[in-house]
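Work the whole structure out from these sequences, hints included.
Residue numbers (UniProt numbering), protein chains in the order written: chain D, 1 to 346; chain G, 1 to 346; chain Z, 1 to 346; chain W, 1 to 346.
To be clear, the hints were calculated from the coordinates, so they are not data collected in a lab.
Cβ coordinates follow ideal geometry from the N, Cα and C atoms, glycine included.
Watch out, some of these pointers could steer you wrong.
Which chain G residues face chain W? A few, computed with CB under 8 Å, are given here [stated by the list, open to error]:
| no. | residue |
| --- | --- |
| 1 | N165 |
| 2 | L190 |
| 3 | E199 |
Number of protein chains: 4
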Amino acid sequence: MINVGIIGATGYVGIEILRLLQKHPGVKVTSIVSQNFVGQKVSDIYPTLRNVFDMKCDALDIESISKKADIFVTALPHGVSKEVIPKLIALDKRVIDHSGDFRYKNVEVYEKWYGITHQMPELLEMSVYGLPELYRDKIKDAKIVGNPGCYPTCSILGIAPLLKNNIIETKNIIIDAASGVTGAGRSTDLPYQFCECTENYKAYKVSNHRHTSEIEQELSFLANEDILISFTPHLVPMKRGMLATIYGNLKTETSTSELVNLYKEFYKNEYFVRVLDEGKLPETKFTAGSNFIDISVVVDKRLNRVVVLSCVDNLGKGASAQAVQDLNIMCGYDEKTGLESPGLYL
Amino acid sequence: MINVGIIGATGYVGIEILRLLQKHPGVKVTSIVSQNFVGQKVSDIYPTLRNVFDMKCDALDIESISKKADIFVTALPHGVSKEVIPKLIALDKRVIDHSGDFRYKNVEVYEKWYGITHQMPELLEMSVYGLPELYRDKIKDAKIVGNPGCYPTCSILGIAPLLKNNIIETKNIIIDAASGVTGAGRSTDLPYQFCECTENYKAYKVSNHRHTSEIEQELSFLANEDILISFTPHLVPMKRGMLATIYGNLKTETSTSELVNLYKEFYKNEYFVRVLDEGKLPETKFTAGSNFIDISVVVDKRLNRVVVLSCVDNLGKGASAQAVQDLNIMCGYDEKTGLESPGLYL
Amino acid sequence: MINVGIIGATGYVGIEILRLLQKHPGVKVTSIVSQNFVGQKVSDIYPTLRNVFDMKCDALDIESISKKADIFVTALPHGVSKEVIPKLIALDKRVIDHSGDFRYKNVEVYEKWYGITHQMPELLEMSVYGLPELYRDKIKDAKIVGNPGCYPTCSILGIAPLLKNNIIETKNIIIDAASGVTGAGRSTDLPYQFCECTENYKAYKVSNHRHTSEIEQELSFLANEDILISFTPHLVPMKRGMLATIYGNLKTETSTSELVNLYKEFYKNEYFVRVLDEGKLPETKFTAGSNFIDISVVVDKRLNRVVVLSCVDNLGKGASAQAVQDLNIMCGYDEKTGLESPGLYL
Amino acid sequence: MINVGIIGATGYVGIEILRLLQKHPGVKVTSIVSQNFVGQKVSDIYPTLRNVFDMKCDALDIESISKKADIFVTALPHGVSKEVIPKLIALDKRVIDHSGDFRYKNVEVYEKWYGITHQMPELLEMSVYGLPELYRDKIKDAKIVGNPGCYPTCSILGIAPLLKNNIIETKNIIIDAASGVTGAGRSTDLPYQFCECTENYKAYKVSNHRHTSEIEQELSFLANEDILISFTPHLVPMKRGMLATIYGNLKTETSTSELVNLYKEFYKNEYFVRVLDEGKLPETKFTAGSNFIDISVVVDKRLNRVVVLSCVDNLGKGASAQAVQDLNIMCGYDEKTGLESPGLYL
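Structure, rendered in structure tokens:
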């Protein structure tokens with residue numbers, strides 16, 4: 001039994017991890033930290049948990065909480081991490097972090113896109129990008145796992161087989177993606193108010209969303225050359241779900257069925273990657289609530305272009321469920337542990 | 001390990017039972033029957049289940065399916081049941097049924113409110129009303145369990161402590177309730193089309209909804225006198241969830257806290273009934289996806305009236321999850337088995 | 001042409017008035033006041049108005065704005081009104097106010113339910129409750145019109161024919177109502193955030209909502225005796241719309257068709273009150289965006305009780321459109337002017 | 001006063017035209033045809049219209065209805081048009097049609113993408129593509145106007161200034177677009193059922209949507225060379241609204257502000273085209289319910305690529321409101337007549 005602490009437990013990412021871990025036979029949540037709700041029962045804040053998990057929120061006192069758990073999941077607002085993570089590492093704890101801080105190999109890229117100075121560059125060495133399908137072996141022993149962003153998870157896995165197999169040009173890759181509103185966290189900002197959000201659809205941060213750089217880093221590693229992409233996120237009036245529609249120019253003629261086969265082969269050992277049969281398309285409700293990523297491939301013969309549809313739950317494989325997958329790898333558990341439940345069609 | 005068959009597996013009630021049973025250690029689903037999708041994988045119809053449960057749908061051939069399982073859950077359209085259930089019973093199978101057919105003790109009441117002749121009156125004797133909080137002992141050995149309707153479950157449990165304890169007048173009980181759209185099943189009728197349903201709220205079947213009679217039957221048993229109620233259902237533009245707002249005139253003066261205590265005492269052994277502390281109110285998202293029922297009690301001193309707020313997931317405690325709870329009782333399992341997961345705040 | 005100023009123009013009530021007045025041939029909006037957005041174009045805040053109405057927001061400088069208009073509509077947060085309305089009145093302006101301040105005849109009732117001391121009791125004498133169907137003649141010459149609350153508008157008009165005609169008992173009147181989220185205004189409070197609100201339904205302020213007292217005042221006037229009611233508001237995950245389900249015990253036996261006829265007679269001169277034929281029920285989308293109120297009456301013979309379904313757009317007849325109707329009356333225009341558009345089915 | 005008949009009046013496009021024409025001072029709707037509802041009041045089918053427009057539906061009897069009006073708007077299911085439109089033309093009526101039948105110059109393209117033989121090729125000569133911003137002069141005297149599809153309207157106007165001014169390469173144009181559910185019409189198909197649609201987002205008809213060919217036709221005319229595009233439609237869980245995110249590779253370096261200026265110049269005489277200032281982005285709720293199209297342009301300097309965001313109401317400028325604009329042009333009215341109302345922020 002592994003003892004786990006969740007720091008930032010009352011945000012949407014934190015609470016979804018807590019929900020998932022209720023079903024995990026090998027993990028015990030022994031501390032939940034929420035600075036806004038210290039001393040309150042988490043089940044008073046999220047009453048779904050009444051009778052199920054009624055633990056009180058701890059203050060962010062590293063000394064005290066570090067005694068309670070061996071692995072910490074951090075889902076903190078920017079700026080708080082540097083007060084927390086170095087201390088946890090110094091105390092020999094392992095960390096799965098949800099900020100952008102441990103996702104980059106090149107500090108300058110991070111600093112340019114985030115517009116801030118990195119606070120813990122010395123910790124980057126011991127951090128691993130927490131995408132199991134690409135970095136499983138390194139995650140196993142990592143001290144710090146930087147859990148990927150939701151858009152990057154969805155995009156990178158959607159495009160990896162094409163770049164790894166040299167199928168598409170590295171120019172003219174375009175990723176047009178959309179997310180449910182939980183992607184903004186438990187925000188009280190006006191644009192996320194119900195009446196502002198419902199019955200509305202929009203693009204945001206056109207050509208300047210931070211996840212662009214995270215996607216580019218990983219695509220460049222996959223292709224072994226520097227890749228720049230167009231990335232446009234959109235906001236969909238739904239809670240959970242993410243779909244990336246990815247366009248690439250084919251280097252040579254091929255067919256949908258050839259590429260479907262190539263994807264199935266590429267991901268044949270990946271339980272959580274479901275490559276759909278030719279003619280089937282993903283929908284966000286098929287992955288909502290789960291750790292699955294559903295991927296379809298369509299070749300447009302007229303244009304010699306491929307369109308990939310890649311779909312996750314932004315709170316699932318895009319955040320919390322992937323954190324549990326990483327946790328399983330770090331603990332030597334079967335990756336599916338606690339993640340066996342199907343998603344929520346309804 | 002108990003083998004279970006689900007007949008009518010591809011409706012919303014059936015598929016939710018299938019979802020819940022994925023997590024059940026003591027139950028194996030060995031046959032799923034869907035006349036519309038014979039031979040198709042259920043995971044092609046509900047792709048959330050891909051890789052998780054890919055069984056093909058059986059035809060409604062009693063002889064064949066009866067060999068596969070010991071207990072059958074039926075979620076069938078009206079009129080089909082009589083071709084199915086007597087045969088299963090004759091083959092010594094046990095049945096949890098979701099129609100109104102096995103919920104009534106008085107055939108005439110059923111026939112009046114349903115406007116049809118009961119097809120299997122001889123089976124009523126061996127059937128039990130599947131509300132565990134009231135009929136646990138009888139469910140244990142029942143051949144047929146008539147799983148209660150969603151509105152009745154929500155209303156009866158909300159009002160039982162008041163009637164059992166002689167707290168309110170038996171006249172002037174009013175139940176004003178609202179349901180999410182899954183309550184209509186997987187219907188393609190125009191009123192349940194997205195554009196007709198979303199951004200809309202309405203009452204329906206005012207003063208003539210069938211569940212009125214089911215609620216009245218059970219309230220009358222509880223009070224030991226004939227009770228008539230006003231019941232008005234409403235449709236809410238959301239998938240899951242049900243809230244009943246129940247009004248009763250107090251026989252003597254009392255306070256909110258006294259009644260909260262009375263409810264807590266009444267349900268002290270019921271894991272799935274959560275009586276909320278004074279000042280807290282239920283919300284449908286707190287029970288969505290779970291088998292919990294959340295109940296608040298408010299005394300209006302000005303009027304000497306009590307208002308009870310009772311909340312379930314119409315697909316959870318109001319149908320599928322309650323079927324699993326019944327199944328557990330029938331099989332001698334802990335009632336919580338397979339139902340431990342918290343609901344879906346998001 | 002009447003010049004109108006809107007103070008509090010950038011809230012949901014204000015902006016809906018502005019939308020409606022774009023179509024009004026006899027009214028010109030000559031000043032819009034918004035303390036949060038002074039100097040900004042209202043069409044930058046609500047871009048629907050781009051090219052249509054690009055006026056800049058004025059500061060709340062009474063001297064300056066009072067020169068621009070003859071009638072002012074105020075939709076202000078509590079506490080600001082007393083700085084504004086007495087000055088406007090002193091300058092001989094007429095006011096349509098949206099707070100609770102000018103809806104009560106008895107200051108004590110107001111002070112008890114609002115928990116504050118009334119700031120302008122001396123102005124109550126010259127104020128009229130702005131429900132045209134009941135107070136048309138007084139509105140005509142009123143200096144101050146207190147525009148009714150949304151729940152009161154919906155409830156009072158739904159029940160007026162019954163009390164005026166002595167059809168129901170004055171005890172045991174129960175109003176169970178539900179509103180769309182715009183009822184909470186342009187709030188950034190957490191409960192109105194998209195992910196908290198969508199796919200959720202709840203009651204709130206059970207037995208203590210302020211509108212209870214406003215409804216009781218008017219019902220008491222109608223019945224000529226003191227009436228207390230149960231009132232329970234609910235929140236529906238939609239933007240606009242309000243439905244009240246009203247229960248009353250009949251004094252003598254009657255039928256649905258008799259009461260439908262009575263309602264049709266009662267409202268025969270009221271264009272905006274649509275009494276539905278027997279068997280038809282209102283839905284919020286039928287009145288959304290309009291000034292109509294749709295009313296159905298159903299007699300439950302079993303219980304000798306009547307159920308009234310009364311439906312408005314909380315932003316329409318429940319607030320902004322009714323303000324325009326009041327404005328028309330005050331200006332001597334046809335009441336329908338600017339309000340002829342049908343609602344928004346879609 | 002022009003007399004107008006609407007054939008197919010009870011679909012979503014038809015009913016929205018009816019709603020818009022209520023405010024039109026120069027048009028009288030004198031016949032509404034609906035084969036499903038012959039003899040029924042349209043206000044019984046769409047109760048928003050009660051008291052506002054209570055006309056009964058006519059049968060599709062050409063002889064009879066042709067006497068009632070001079071211009072007909074047809075919003076018919078495929079296959080019915082050929083029984084209707086030639087006869088109307090023979091009777092010297094003018095027609096605004098909403099099918100794909102009169103949008104193409106090349107019958108072969110139509111037949112290839114629609115998979116059927118064109119039934120009225122001889123009428124194509126007298127038909128005009130009803131996009132006023134491009135074909136205003138021809139619409140004026142057209143016998144038949146083929147009202148453009150929603151995606152084509154949104155896409156073509158979004159991209160026209162770039163192609164007309166030779167700003168982008170004609171290869172690698174990618175249009176990623178999303179629509180509200182009214183785009184599917186008043187369908188009772190399962191995928192448009194509330195529970196299937198809400199909280200869900202998906203792409204559909206990837207690389208084979210018919211509108212692709214319609215967009216390509218017009219872009220080719222604009223560029224004076226054959227253009228092929230990638231077009232991917234998505235379905236958003238909302239009623240109204242459409243956003244196209246368009247990608248093009250710039251031929252030479254330019255800036256966002258240069259392109260914004262170019263767009264503003266290009267559309268300077270177009271009231272309904274709102275080119276947004278640099279830094280502002282469209283949202284579907286800003287155009288919902290109106291005839292406006294909102295367009296933003298963003299240059300991505302890193303990639304020398306332009307991203308255009310183009311936004312309409314699929315039922316507004318994308319269908320019904322544009323039909324009214326066409327009607328105004330055909331009748332010699334000011335194009336804004338009946339279309340002055342701002343959209344629906346709420």
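Verification of the supplied hints:
no., hint, result
1, N165, "violated, 39 Å"
2, L190, "holds, 5 Å"
3, E199, "holds, 7 Å"
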